[in-house]
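Line by line, the protein sequences are chains A and B. Mapping of the first sequence onto the working numbering: residues 372 to 856, in sequence order. Mapping of the second sequence onto the working numbering: residues 26 to 121, in sequence order.
Just so you know, not all the hints are guaranteed correct.
[As the list claims (entries may be wrong)] Listed below are the simulated DSS-like cross-link pairs for lysine-lysine, each with C-alpha atoms no more than 30 Å apart in a straight line:
#1 A/Lys456 <-> B/Lys104
#2 A/Lys465 <-> B/Lys52
#3 A/Lys631 <-> B/Lys52
#4 B/Lys115 <-> A/Lys747
#5 B/Lys115 <-> A/Lys751
#6 A/Lys716 <-> B/Lys115
#7 B/Lys52 <-> A/Lys716
#8 A/Lys378 <-> A/Lys656
#9 A/Lys674 <-> B/Lys52
#10 B/Lys104 <-> A/Lys716
[Unchecked claim] Quick list of the computed label-pair ranges, beta carbon to beta carbon:
#11 B/Leu82 <-> A/Thr624: 46 to 56 Å
#12 A/Lys388 <-> B/Ser79: 49 to 59 Å
#13 B/Gln99 <-> A/Lys388: 47 to 57 Å
Worth flagging that the hints you see were computed from the coordinates, not collected in a lab. Glycine included, every Cβ here is placed at the ideal spot set by N, Cα and C.
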Amino acid sequence: MSLFDHKVSELHEKLHKKELKVTDLVDESYKRISEVEEKVQAFLTLDEEKARETAKQMDEKLGTDESKGLLFGMPIGVKDNIVTKGLRTTCASKILENFDPIYDATVVNKLNQAETVTIGKLNMDEFAMGSSNENSAYKKTRNPWSIDRVPGGSSGGSAASVAAGEVLFSLGSDTGGSIRQPASFCGVVGMKPTYGRVSRFGLVAFASSLDQIGPITRTVEDNAYLLQAISGLDPMDSTSANVAVPRFVESLTGDIRGLKIAVPKEYLGEGVQEEVRQSVLDALKVLENLGATWEEVSLPHSKYALAAYYLLSSSEASANLARFDGVRYGYRTENAESLIDLYKKTRAEGFGEEVKRRIMLGTFALSSGYYDAYYKKAQKVRTLIKNDFEEVFKKYDVIVGPTTPTPAFKLDENTKDPLTMYANDILTIPVNLAGVPGISVPCGFINELPLGLQIIGKHFDESTVYRVAHAFEQATEFHKQKPGL
Amino acid sequence: MSRISPDQVKHVANLARLAITEEETEKFTNQLDAIISFAEQLNEINTDGVEPTSHVLDMKNVMREDIPQEGLPQSEVLKNAPEHQDGQVKVPSIME
């Protein structure tokens, strides 16, 4: 039994009563890392010395008013595209190999205020572009349930480290499914909050109109606590929303009687593996037994989401990644003949293949003569996709479906054709395009590989999403299973 | 018919400030062609009169008071620069 089999609220009580020390929790993290990291490969950088030192200092405060904060002393992992002052942040890219951030992201400031302990920085697909972690310039994180399979991506390290018990919980980021898809593949709980709920200041931008930071945890309750800690308006991010942050955990009542669930037929149709479909239907029975009702609906523009997403996200990425030019920070080529040559060679040597492909696609879609046909067209389709969700939410409280069309696939299985890899995200991408919140909770297994149930809510209604996810979790046993690493 | 030519790929790579090899030119031509062909399914949808969405939340021009604040120290800002001199970032000659 690991200490991390306990919920945050239980660990907090033990700490505050001095039955447990922060050093015990930090020891647990690094002990587990020493046991399994060689197989899992979830971390890019460990912050062991500082974490142990911090833990010792925090132990002095136990039992006082200063240890009253719920997250006080909890070991966390942070995705490597979230900047951490003085702690190397690479985005899993060679171009940021030695990047030493000079400020903390707002979410990191908030974690510091809540006094969590940062264990290290987690692997990802380079600049969050990918669905398998195979696009990392440094290592390929493995799925703790089956180490010849991918953990999903792009927050693969964030999900795998939690599933493997290396940290209690972690932060990831989600642009088209990058929290929910790896959470599904690794059998943990991953939330992409409403766009604007969490500040993006200090999150290295991929697609600014879609990116959102969110928590990956073992339980829905822990997830609600962690989101609570990182949410809110931030003057440093003008797209963060001036919307009150409710106490999410208060919505975990277990009561979903009368709840109206919409199940889009497009989410259980073509491309979705039969066993995945069946496990979602089983999950719907569980929710029905708890007093909810469900009906089939249509999100008619779903099939166009993937194409619209790749045009929009790549266009935004091509602009955002222009800053990596070898001038102010990051890698610089050694054999430049002129400034333009410096840019071109630095970027050619520093970026990996998938990042280059998306920069090329985005630059093409924004270029003179093609802007209206591709970029603007995709923005219009985005409006239609958003309207689909708004229409359904007029009558229903949540939308439920699978998180992914299949369980985790094998390494190298999908690397040859970019379009096959992109298709992993068909069920998560529309949620980012609409900007609504979505969670993945464990809902079953196929051949000992976990599956996730996706629950999608209205803008800024994470509370209802959590309420449904929690009720489902409490009525099932899937979250109690652990990978046999 | 091919939607994108090797010359276009080279043009786009130049716009994106990416040096690409002949081999990459060929690969990107094929791959971008496939992705763009896939994206053309969007033309099946009539979007006449539909407003484009660039941002999902209805917010515009977020303003704040213009109060001077201390910036980051120069030494910190230059810490990650690959090359600097006399407090300035250094780059190769910008004139031919």
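Broken hints, numbered, in rising order? 3, 4, 5 and 11
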